[in-house]
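Generate coordinates for the entire structure from the input sequences, incorporating the hints supplied.
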Amino acid sequence: MSRIGVFVCHCGTNLASVVDVEKVAAAARELPGVSYAAEYKYMCSEPGQQMILDAIAEHGLKRIVIASCSPRMHETTFRKMLKKSGVNEYLLEIANIREQVSWVHTDSGVATEKAVDLVRMAVAKVAKDEPLKASSIPITKRALVVGGGIAGIQAALDIADAGHEVWLLEREPSIGGRMVMLDKTFPTLDCSACISTPKMVDMSAHPNIKLLTSCEVAAVRGYIGNFTVTIRQKAKYVNQDICTGCGNCEEKCPVKVKSDFNKGLSDRPAIYRLFPQAVPAKPVIDRAHCLKLTKDRCGLCEKVCPLGCIDYADEDREYDETFGAVVLATGYGLCDWTAMYDEYGAGRFADVIDGLAFERLVNASGPTEGHIVRPSDGAEPKTVVLVKCVGSRDPKKGKPWCSRACCMYAAKHAHQILEKIPGARVFVFYIDVRTPGKNYEEFYDQTRKDGAVYVRGRVSRIYKEGGRLICQGEDSLLGKQVRVAADLVVLETAMEPAAGARETAALFGASADANGWLQEAHPKLRPVETQAGGVFLAGTCQGPKDIPDTVAQASGAAAKAIGLLNKDEMETSPMIVAVDEAKCSGCGACVDICPFGALSLEILTAREGRWERAERFVCKVNAGLCQGCGACTVACRTGAIDLRGFRNVQILEEIDALWT
Amino acid sequence: MNNFSQQQQKIRSAASRLLADGTVRFVIGWAPTRFAERTTVLFAHTEAEAQALVWNAHCTAALGKYLLDHRLADYAVGIVARGCESRMINRLLTDHQIWRERVYILGAPCPGMDAERCAGCRERAPVVWDELLWDADGMPETGGRQDAAPTNLDEATIADVGAGLALPAVGAACSRPLDTDTSLRSRFFRAEAVEGLSAAEKFSYWDEVYAKCIRCYACRQACPVCSCRACYVDMDRQGFQGKQHSAADNRVFGVTRAFHVADRCVECGECERVCPMGLPILGQTQKLIKEIEALTGEAYVQGMDAEEENFLGAFDLDDKDDFL
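These protein sequence lines are chains A and B, in that order. All residue numbers in the first sequence are consecutive under this note's numbering, ending with 660. All residue numbers in the second sequence are consecutive under this note's numbering, ending with 984.
Heads up, a few of these hints could be off.
Under the rule of at most 25 Å between Cα atoms (straight-line distance), these lysine-lysine pairs were calculated in the BS3-like manner [as the list claims (entries may be wrong)]:
#, chain 1, residue 1, chain 2, residue 2
1, A, 62, A, 23
2, A, 114, A, 41
3, A, 567, A, 80
4, A, 583, B, 903
5, A, 303, A, 292
6, B, 903, A, 128
Part of the chain A face toward chain B, derived, beta carbon under 7 Å [stated by the list, open to error]:
#, residue
7, 583
8, 585
9, 593
10, 638
Simulated from the structure, these hints should not be mistaken for laboratory data. Beta carbons: idealized from backbone N, C-alpha and C, even for Gly.
Printed below as a string of structure tokens:
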């Protein structure tokens, strides 16, 4: 006799308002193998769990079915509970009668019937469940942070301060990310560089942190606790061990390239550092523009370098390192509005710029030393139009999301213009003004009091007339078309995931959503974890956010990484595949289909039939890599590979139960 | 007239040589039977036996699958390989069933032996060999089916295929006249014949097919793709495959078989040749291959080399179906 216990949850009224839970429990009592069935308001609560434990003791239950919400919600809760009971925690099935029944059906009769079906299937499966035991793997006590913006910096510092070794990998020649490009930060208006560069210096000085700039993740093998990462170090052509960052080479270099850091508002040489406060404070050569590397001419930097740091023969290198935990902090980019907004001139007008370019204009260390001028003629603009939600909140442009930070930095931009240019007029075109944050609404309010004119509507067209930019749009509060003749237009463009973020995340087994933002494991309860164990998310790679939220999330991700690295070894899920070597014909269909590289073919030498030492291929499972997805089990025609906890026979038993 | 007799001599002398110098334990080829219009498979272990090997228009059995019986052997085996056999060998290599160094392949370009079976065959010359016995000049175009213009089927041909089914031609292979027309037809003529039917006609067509299937599994035994050590149909606890001889369970078998071989089928046609009930099995698999080609827009021919990837059995980050 199976001695199965069935426990039906009301989930408050979530379930009970649609499903007749008493009827479900009564039906369960009649099922073969069921010794006990009960229902309760909240099975996951303390008294609910105690009720199950008591029933196990009193009725000698050996296997448990809980009819409640999705197993993704509380399967782990109930497994932990079973550890206290003596019943193996894998002799548990969850019948999902909330997401699959009460939330999707309105007819109580039909819903109850379906709930009974699901319970019957779960009972059939639990009878075939086998006790499973978790094993453990050692953990490499070192974290990798991918991305050196403020999120990556914060996460790395927190992990390092907790006493763990951290490697921070940044693809640009300097850490700092977007935050160091900004001038002032809302709502306190403290200087962005003044609060971020000290953190950057802390990073480079921290004994637990190793900084890798101009680096990329080339490949990843392994799994939580032991990721083997192939790091690609791009050639810098400057010996970073000797270079003191004197800057001679940067002064003498004859090449002029538009500076990406200054959003094309100034030039930089081909041997350059990203910005004056760059960390590390040493230049690199941009191989696409260096005359020596492209045309084998010049060589000036080599001549002027007093220490002989220049090495034109430098090459990209790849090497492997092992990490226990990974924090992805790949950040964001601004959408390329020029490709999306022909109606705004598609980049033909020099004085239509994006918000980040304005940050460089208004920044004391920027190309104009903080003077707000028109890029076209260097004149001071008297009328400035700020356009919000350029790209954002526009499904037609393929970006349905709100970029969250723009309402506030538009207010900040308005404030800065009004402060720096006496008599200036600022018009802000908006859809909504969203200021949910501490002191944000107050800041926005102050900006309006400063004189910024907020116009509720989108700009439909920007065109040139008499040397000025005419912004035409509807003021939807007045119900009228308005035209503003502006000297400068700032487009507060949409944030989008950084280029290559999805691909990098995929190397670690983490996924991205339809818009390319990296996917958290649970939108509310596991916001910094991913579906890939040991891979955590920090900052805007997960979705648009401002600096305070980014830093908070980075510390959250760091806490998760620290929690993992504090352990010496960790339990692995026993719900992975196992191979029956007697059946396995070694065809390798499973190997090709495994997304985690967990399967491989090995030669088995054994006596077989009339052959003394027959050699044949069989499949081997790497228990650390297998995530239990089950893709291989359907690829195996023989059924030689089977997923523990979801064996074919268990699933067929469930299906049979539905039809009986 | 063809030059079967000269070519037969080449097979015999090559086989004799391989047996004499110990390169192989035996050579797999064909031998005559007491029926003039029928050959059987011969495992020639001696030079004398090698002189009994024949090569004529009755060499219909494909030999590749016999290698599987020796997959665990530590000796080398010789085999006469036409286009179909060579693709069977590549298939077995791709599936890690045999060791390349333990097979000695005598390449034998083939004119096409069977009017019905070889009509859609584009790859009549071997694609892999250790020794090519004669060159492929004068053979139909090889090296990719796009080279050969498909011949459209006329109504009569479609009716003909259907008729063959209505009255299963048991033993038809024995009574085939010598001078059959083995010229090219559309590669997928079998599938196309059925595609022309209406939904209702298709239903009754397949009902008829599955009512006739006797579940002898001869198709599986002959198939070079069916190399599993244990076949799901033989397992007593494989819940979804009933053992009963009923049209419903036959259908489950038929569809499962087709999907198990779909993306790996080398289209040798052994399944149809050995079917005692004359069921259109290859057409079923070829329909799936045709669908793969429609989906990808690229030619999909299996067995052309030993390193190919199976379309339905590989994980790629760019997969359209991101189920993981």
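* **Interface hint status, residue 638 of chain A versus chain B (Cβ within 7 Å)** => holds, 5 Å
* Asked: Would the hint on residue 585 of chain A stand, with a C-beta cut-off of 7 Å toward chain B?
  -> holds, 4 Å
* Asked: Given the hint that residue 303 of chain A pairs with residue 292 of chain A, does the C-alpha gap stay at or below 25 Å?
  -> At roughly 12 Å apart (the allowed maximum being 25 Å), residue 292 of chain A and residue 303 of chain A satisfy the hint.
* Does residue 583 of chain A pass the interface check with chain B, least Cβ-Cβ distance below 7 Å? -> This interface hint holds because 5 Å falls under the 7 Å limit.
* Compare the distance between the alpha carbons of residue 567 of chain A and residue 80 of chain A with 25 Å, and conclude whether the hinted pair is satisfied. => holds, 19 Å
* Asked: Against chain B, is residue 593 of chain A within 7 Å by beta-carbon distance?
  -> holds, 5 Å
* residue 62 of chain A paired with residue 23 of chain A [C-alpha distance capped at 25 Å] -> Given pair residue 62 of chain A, residue 23 of chain A holds - Cα atoms ~23 Å apart, limit 25 Å.
* Please work out if residue 114 of chain A and residue 41 of chain A have their alpha carbons no farther apart than 25 Å. => This hinted pair holds, its Cα atoms lying about 20 Å apart.
* Is it true that the CA of residue 903 of chain B sits at most 25 Å from the CA of residue 128 of chain A? -> holds, 23 Å
* Are the Cα positions of residue 583 of chain A and residue 903 of chain B separated by 25 Å at most? -> holds, 20 Å
The structure fails none of the hints (numbered hints given earlier).
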